[in-house]
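S.K.: Below, each chain spelled out in residue letters.
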Amino acid sequence: MPASDFQTYPVFRRGVSAKVRLLIYATICVVMLVADLRFRFMDFLREHLHTAISPMSTIASEPVKLLGNATEHFSNLADLQDENAKLRQHQLDGAERLLRFDELEQENASLRELLGMRKKTPVKSITAEVLYNVPDSSSRKIILDHGKKAGITHGLAVVDAGGLLGQVTRVYPNQSEVTLITDRNQAVPVQLMRNGLRGVMFGTGQGLRALNDVSKRWQQAIQSDIGPGSLELRFVLANADIQPNDRLVTSGLDGVFLPGLPVAEIESVDREVGAFARITCRPLGGVEKSLRVLVLGRTELPPPPPNPETGEPPPVVLPRAARQPGGRD
Amino acid sequence: MQLSNRSNRLLRPAKPWFVYMSLFFALLLDYVPFGHHPGTPNWAALVLAFWCIREPLYIGMGMGFFLGILVDIGKSTAMGEHALAFVVLAFIANGLARRIMWFPSLLQALHVLPMLLVAQALMASVRVFVGEDFPEWEFFLSSLVSAALWLPLTYLLLLPQFQPIDRDENRPI
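Protein chains in written order, with the numbering used here: chain A, 1 to 329; chain B, 1 to 173.
Note that these hints are calculated values from the structure, not bench results.
The beta carbon of each residue, even a glycine, is placed where N, CA and C say it ideally should be.
A portion of the hints provided could be inaccurate.
Claimed, not checked - Residues from chain A shown here face chain B by an in silico Cβ test under 10 Å; the list is partial:
(1) Val30
(2) Arg170
(3) Asn174
Stated by the list, open to error - Residues of chain A clear of chain B, computed beta-carbon distances all greater than 10 Å:
(4) Asp36
(5) Gln91
(6) Leu98
(7) Gly116
Can you build the whole structure from these sequences, using the hints too?
M.R.: Printed below as a string of structure tokens:
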């Protein structure tokens, strides 16, 4: 029998027993899980393996893209004309503002100079195309077709024409992964446009689950649309001045997102639940719908966050006495 | 057709390249971004379970680990989440392989269903450990769909082994 065939059975048991092997493999897996989730030690390995499998995932995403293109191709003429008219109108609406924008920006710069304020950091932007949604039911992430080589770095904001979509969370050489604002692990510091009220907005990852009607939930899953309850504004007092249809923009307090990017619109405010109101929002940008996006970044990096253990920002060396009493020395 | 050990027909031995190829295709199918449909089958888990039962001496926990890591990277889940589930799946499938092969195909699928459910429960518990909610029942629908695919998959993956050893030129198939 040729050695290449599988059918050669050994007469005697050889090697380590299955239980021991299971224990070894399970231990390796658990160690990897902890290393990845708690310490992010695995990013190096992940980056290399991702580069190796990226042709595979690109090929795999091709049929879905083809299907999408086909439906677009065969969508009827009236829809296209409608969309075209809408876009023209949109462009006209924006044109007037754009014309004044240059002048206003110049005016702003000179006023800032007069007041002696720090100049606003200029913004660089990279256009990218959405390759595919990450096929995982519990997270809301997309993969873009540009990566480290195009200048995308960890933490940049991703927007479309409507507003904020998410944040770059992993960067590979030629692709990057964006966590959408509807993901349950994504938080965005926001500000109410009307009165400047600040808050933190969280994704619930439950765009689909929030619907009680099962049939509707299925319909939504097929359209891969997001429903109500996909975003939540948390830690806002129940008596705060906030009402439905208020617009939320990024506050820029985190030093990551640029201030003033439109994020969401308040959908409902429930003040009866406790000290904090339960506020649901609907995203303004085409979250999970847009195919072309803009990656926005500051040309200068924000200051590094303070060390959680000592409570001091790393670059500034404080004298010993000035350190926080609770800090560990 | 020798779908179980009860039949008298002998199959040709499985070709290693075909086994690895089918696992590769299953991985490719897993990478297809179907969106967030609740009932998408776990292709890689299913094909892995199949070969773990058919070829328990050659496809086992090592392949499960390797495949799991690749799925983890493709799906951007935590490194080791799918790997852990697949290793346990391969262990159970290897252990029960001799028994399962004596059952007809439908009962084989009934054996495979709990294995896939255990694998999914492991993935869900890893997510609970991270701090997410335990998923709703629709999450486990994919195991049901996968188990339902067991019979067509058996025929598909055994096709090369059904070929006769001596090719008869006059025979139509």
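S.K.: Looking back at the numbered hints, which does the structure fail to meet, lowest number first?
M.R.: Hints 3 and 4 are the ones this structure does not satisfy, whereas the remaining hints hold.
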